[in-house]
Structures are given as structure tokens and as C-alpha cells.
Amino acid sequence: MKSLKEYWNHSFQRPNMKPTYDNWLDKYSKEFNDEANMRIIDLGCGIGNNSLYLSERGFNPIACDISEEALRKLKGSIPDCKTHCFDMSEGIPFDKGSIDILIADLSLHYFDEDTTNKIINNIHSALNTKGLLLCRLNSTKEIVNKGEVQQSQDKYLYKNEGINRRFFDQSEIERFFSKDKWEYMYIEEYELLRYQNKKVMWEIALKPVTSSNIIFTHRAIRPSVHEKHLAVELVQRTHPHRLTASRLAADAALSRWDIVNMGTLDEMNQEGE
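Each step along the sequence shown adds one to the number in my numbering, with nothing skipped, and position 260 is 260.
No lab work stands behind these hints: they were computed from the structure.
All figures in this text were calculated on a predicted structure; none of them were measured in a lab.
Just so you know, not all the hints are guaranteed correct.
Said to hold, decoys possible - Keeping only pairs whose Cα atoms sit at most 25 Å apart, straight-line, the calculated SDA-like set for lysine to any residue is:
1) 73 / 140
2) 27 / 181
3) 18 / 76
Using the sequences provided together with the hints, build the complete structure.
What follows is the structure in C-alpha cells.
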């Protein structure tokens, strides 16, 4: 089986390749603020489709890819764009909580299950508490467009053109991006033309759920036992000095609170829970 570096360096040697983009990022324009130091990572950028989109709108993304050939072509079209060449399966070389927005456009579906989980966990860690992951993934409906494929023991992982390709349905997305770690802002499956070929994909927008952005709000339904245990565990581990686990559990049980992804524990303390 080919390495991903070898495969993509060969693929990006085709002549006359230039970045082009669809406007999928338009709907997230409010998430891109005007701060010059906003840190945006284009992970698995290829020749720079999304980096071009962002650069034309005044942003300064860091374009990251495993392929030196892809980054060379990107620099030919976007000479001022910062680039970083690395293999995401070996780690993401950004500090914890240092990224505002991470874009992974059709770049996370080339790995076995353990590696995929590792990459997603690293992304979660690298995003700040208000960060955003914008991601597109192969749909299971895309398998028929891939020609000759060989299924592995993992029914969502196939070999094609000498590399692994993973395909997702909604249940698989929710398994890898579990709702106890990610808040779903957007999810949709659709078809478009990419490099003149029909492609079916999922688009998801996610924010990391952390102990600092979980609070309780009133509603008429009691939280589940799992929700209360999750909240107690988070506070015990990360904020023992702010609110005791026993008091939090009592509040959750006696009042009708529900866990939602908004606000902060500091805000909850200021409001008297």
C-alpha cells in the first residue's frame, strides 16, 4: 500500500492545477471576525482551495498538508500564504487551545479507526473553548463513485488506488464526533462537482464541548443520570475550587436543570447557579 505522502505528491504533479473553491464557507462568515491575529488552520489543504477563499477575504490561514508538491503549487497561486508540511496522523503541531477555526475539507477520511480518533482528539485539544471545526467527509453514498474498491474488516474503510479511504453515514459521524465532546452547529449531506467529478459528502460544523462551557439551564424535564454524572465528573476534574460536585449533583437532581453547551461555570457562579 502506498504512503499518503507518496500518493499525494504523485497526484499533485498533474500540470495546470490551480486552486478553485465552492462557497461552502459563506454560511460561516459570522464566525470569521476581523481580528488580524485570528488563527485559522486549513488542515489537509491540498493546493489551497479554502486557503485561497480565505486569503481573498483578508484572512491569513496557515495551509497544512502532508504533500510538499501540494504546498509548492499552493505557493505558486497564493505566495503570501503561510504553509506547514506535516503528517496529521503523527500529531498536530499546534499548542492546546491555540486555534480559533480549523478547516478539514475532505482530509480526515484516509485513516484506520484508531488513527481517526487520535486526529479528532488532537483537533479537539488544539481548538480554543470558542473554537470551530468546519469539516467535510466522504459519504457512504460516494463509494459507488470510486470505481474499484476493496472493503476491509472495518465496513466503513476501503482500499482504493493503493490508499485507505473511509466513508461516513450520520451514525458514524456521531460515533467519531460524539455529542459529549462536540456541539453540532450544522450537519448536511449533499452532492457537488469537484474536479469535474460528482462527489457525495457530509458537511459538519462543530464546537468543542469542554468543562468551561457547560452550565445548567431550567427546563421542565429532569436531566438523565448520565448527564448528571457527566457534569459531576467534569467539575470534580477541572473546577474543584469553584463548585463542589455534591452541590452540583444536588442542584441537578432537586431543580430541573439540563446540560447545554453555552456560557461558562464562571457565569453560573456569578448568577448564583
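Which earlier hints turn out false for this structure, listed by number in ascending order? 1
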